[in-house]
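Enquirer: Using the sequences and the hints, build the whole thing.
Listed here are the chains, written in short residue letters.
There are 2 protein chains.
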Amino acid sequence: MAYKILRVNMSDLSHKWEDLPAEYETLAGRALTSTIVSKEVDPMCHPLREFNKIVISPGLLAGTSAPSSGRLSVGGKSPLTGGIKEANAGGITAGKLGCLGIRGVIIEGMPPAGTSDWYSIIIQKDKCEIKKTNEYANMGLYDLITKIWQDYPSKPGIIGCGIAGQRLSPNAGVFGNNVENTDPGRYAGRGGLGGVLGSKRVISVITDDTGGEPPQPKDKEKFEEGRKMFTKALTAHPVTGKLKDDDGNPYGGLSNYGTNVLMNILNEAGGLPTKNFRSGRFENAAKISGEAVHELVDKTKEKFGDAAEGRYGHACHPGCVMMCSNVVPYENTGKHQVGPLEYESAWALGTNLTIGDLHDVAELNRICNDVGLDTIEAGGTLGVLMEAGLIAFGDGKGAIAALKEIYNDNSALGRLCASGATNAGKVLGVSRIPSVKGQSLPAYDPRPIRGIGVTYATTPMGADHTAGYTIAAEILGIKGEVTDPRILEKADLSRTFQATTAFIDATGYCLFIAFCVLDDDNGMAGMAQTINAFLGKEIDIGAYGMAILKAELDFNRRAGFTEKDDRLPEFFLKEPLPPHDVTFDVADDEVDKVYKGV
Amino acid sequence: MAYKILRVNMSDLSHKWEDLPAEYETLAGRALTSTIVSKEVDPMCHPLREFNKIVISPGLLAGTSAPSSGRLSVGGKSPLTGGIKEANAGGITAGKLGCLGIRGVIIEGMPPAGTSDWYSIIIQKDKCEIKKTNEYANMGLYDLITKIWQDYPSKPGIIGCGIAGQRLSPNAGVFGNNVENTDPGRYAGRGGLGGVLGSKRVISVITDDTGGEPPQPKDKEKFEEGRKMFTKALTAHPVTGKLKDDDGNPYGGLSNYGTNVLMNILNEAGGLPTKNFRSGRFENAAKISGEAVHELVDKTKEKFGDAAEGRYGHACHPGCVMMCSNVVPYENTGKHQVGPLEYESAWALGTNLTIGDLHDVAELNRICNDVGLDTIEAGGTLGVLMEAGLIAFGDGKGAIAALKEIYNDNSALGRLCASGATNAGKVLGVSRIPSVKGQSLPAYDPRPIRGIGVTYATTPMGADHTAGYTIAAEILGIKGEVTDPRILEKADLSRTFQATTAFIDATGYCLFIAFCVLDDDNGMAGMAQTINAFLGKEIDIGAYGMAILKAELDFNRRAGFTEKDDRLPEFFLKEPLPPHDVTFDVADDEVDKVYKGV
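Note that the protein sequences, when read in sequence, are chains A and B.
Per the working numbering, residue 989 is the first one in the first sequence, and the count goes up by one each step.
Per the working numbering, residue 989 is the first one in the second sequence, and the count goes up by one each step.
Ranges of calculated distance between the beta carbons of each label pair, as one might list FRET restraints:
no.	chain 1	residue 1	chain 2	residue 2	range
1	A	G1465	B	A1389	54 to 62 Å
2	B	K1385	A	D1105	29 to 37 Å
3	B	A1531	A	D1528	51 to 59 Å
Calculated lysine-lysine pairs in the DSSO-like style (CA-CA distance at most 27 Å, straight line):
no.	chain 1	residue 1	chain 2	residue 2
4	A	K1552	B	K1538
5	B	K1552	A	K1581
6	B	K1562	A	K1027
7	B	K1581	A	K1552
8	A	K1385	A	K1263
9	B	K1584	A	K1584
10	A	K1538	B	K1552
11	B	K1552	A	K1027
12	A	K1552	B	K1027
Think of the hints as simulated: they come from the structure by calculation, not from any bench.
The C-beta atom is built at its ideal place from N, Cα and C for all residues, glycine as well.
Expert: This is how it looks when you write it as structure tokens:
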């Protein structure tokens, strides 16, 4: 199969098909987006002007039968951090691009200043059309997906930007659609790449794979063997499997409770950041946990039967065996309120704001999905608005009202809500802004859990748990052993996780496979075998991951980043976090050790 | 005379008097603030938390009989730029501190989080009181100065922060009062140091010099000789003198037209940034020029006689011979609208916004003065709000209404207006933000006038014309000769101006003396003699200035700044400016040459 790169130039609305260069042969997902961004984008360019680019790439195995391998990477220079960005998501576009033999889509240039038209890029087998679609502008994303699926009855993959991105707001994410419904719930959310799409006047990229076929592994037999070994390990693992005990009670972590199984675990550990990182415990954590959603879904199913729309244990893309996704139903009707409600979102829009009402949290998430915002950053932003006294902590209805201001084009409050925690915090004179490189911290306090703090500080992405999820070792344990979260030597742990993650982000595999592959040698072996068999060569996972990180670090350094940007905000170093009453005590030298010499 | 430093600790509301250390003996003004900030403040600290400090220092000669020597420096880590900041102003506090023998006031620490009290620091002869003054909070500054002068009938010097600073807004300046009226018109405006005062819960620093006496020069005779030579040169120079021609018509530039004499000159030169830096010419420039104010003042004087409050040619501090200050009167009453209306303010709030109505511009300036904002940054901020479509370009009434929102504590629009152009622009997704290091560009477009562009890019202060005013050479000419503003080799020119400026900012002399001392050898000799005679030693002006710059550069580098921060925004490099249709073409290497190896 000859893989292609589709290059779209929005300056003159042209496109061309390029053969995948030989040196990119093994690159896909984050490996491809970061390599191209680092090579083609001037690190000093303004992220919202013509010299930035958006690079979209399906993971290496997207479209194949490998389990849970349908992730899509989106890259560019981030308007939020000013550095390189890769954000990835599930959904259905990656598989379809894979089946069309498209390894990457590069969107470059920008229509002339003053252009008021909006465009969509329609990708079909060996065909690309850049279409004026002003009718898609200024719509909520639930409606937009519904409309596009009416316009294209083949139910194509859709990614794009919402109202926030069309206004170039710094916290605009790139949304993606689901396989089964018109939820805009699949977000390559972090870092504001939705605004980069908006700056190029692109509302959506629509991928229809009719006539395509799955990418073919170089060594089909070995691939199939690896795939089976890996699938078996995934489905047998207590976190990633859909398991029941002898009494028929489900206990598979992700499939039953989703990622939000973490809410009670982190609360118990005292590392759940509460009230803009003032405490490690939230009294109402259980009310907005994965267990609470599970219970609500069961209750509404019982009450409303087939009419009930709540669910847990469903897949965000075809071929996922872990099925962590969910839909939160309204209690009184059983109808769909929002899907999914992830741990990070429930934390950001709930715990972080001390909002303990599940439906208020779900409503905030629904608005984020509809206007096109990253939920973590949106929660961080509302947190600094609360810090500044514009909304009261715990006031769910107030937070909903503020977020709804985004629908009003001229609302300064709406713009602030869509601007990210760092930008909003600076405007408001807030000095408790939990962010690194301009990006909000996610749902693990770095004071009691130092390894994740080192990841937040050093990843080229800005604060990001998915960039090197040491929580797996520090809280959840690997092979039954927990790495003490309190020890101060975390550079090696973080670097190893960051490199492995960069590799996984290239493969198309969902990061959650890590729960299995770190625990189970057969899982790791099966996973590696699928990649090697697909490429027909042996990949060194660590070296592959480090090469991605090197390209990213190089970009950031050329953009002016130094070790001084690898620092947590002052208050983490000075204010002890209850209940453990610890500060972030990792020495700067230890933090800098992560990428010293890289 | 034994000079003192007053150190105020706001954490425990204590103070102590320290002897001026021997190594600081020759340091004052910017030399002292930058040395102390660089030495005592952790460059990585959050500017709005307890580890930042405010350092206040009168210039070396403040309080003496040297002409135009009453400038006051205020320093700290800037919330706007994240780097070191020195902002200076006229007014009456510097002279009074000088007469009390106080070379510096250091305000450090911060009351405990949650403190709702506000304080003022009352300085008298050998006495300091930190007084709870909650009654001064949340007042307009016209009223605040009136009230403080009622409370302290000796009419003390006052500096402090207004509503904007009390809310920690990034564009909050440090205001100062005048000798003759209750205008809050003397601003150490740039860089947001008003917010640092606010973070320390200090509303005002009140200086009463009753019982003090002027600082004594080491060599009185030589000082007196130098003072006379310098005064003579200043008063005879066509820019700095208050001159009349043979027919009795005034022609002294500053005394007749104020700094706003520049409006028509820059318009003529095609370097007057118009409509957020879209053109170098503004069709309504003349209407808001110094000449227009002069004419209005004369007209209202004729009409209202002694009741007329408009004026030009008055001094911002006792002993100034240049007298560039003015008061803009209302046309229909002759009463005071705002004073002064400087060139930079008329440009920022007029030309930059294409507002050509003098009274709208004056009203915007009045609001800035009342709430405590730097006018240049406020104009830049309104410019990006217009860029984003929240206000229409040219809509004076709309801009006034937006700025007035600052009086409303809960207004997101008000907060945006007080946040600075870079912060507001980021929130709004604007990619035409004319700023360097987070600080707005002033009133000279760097495309046709390259030297000032090199100063904007490289000064440790963030974009600032006063940091190295090459305009004197490039537009106004020195000794009758103009340095071509278009040539690309400007590193040496800018560095020389920056070093000389740093020296002048230490002396207490107003920067406008440069018009005379660069032109007239006697002026230079007289000025130098006052300094040398005061200190009793020979000062090398260039070396003295470079030492200040070194301390500032060192601070910024330890805060994470690199050469990548010494860059103009992308659009200056890409978009030609009419009427000359040039871009900023100075090579990065030339820009970096300014401080290479320093």
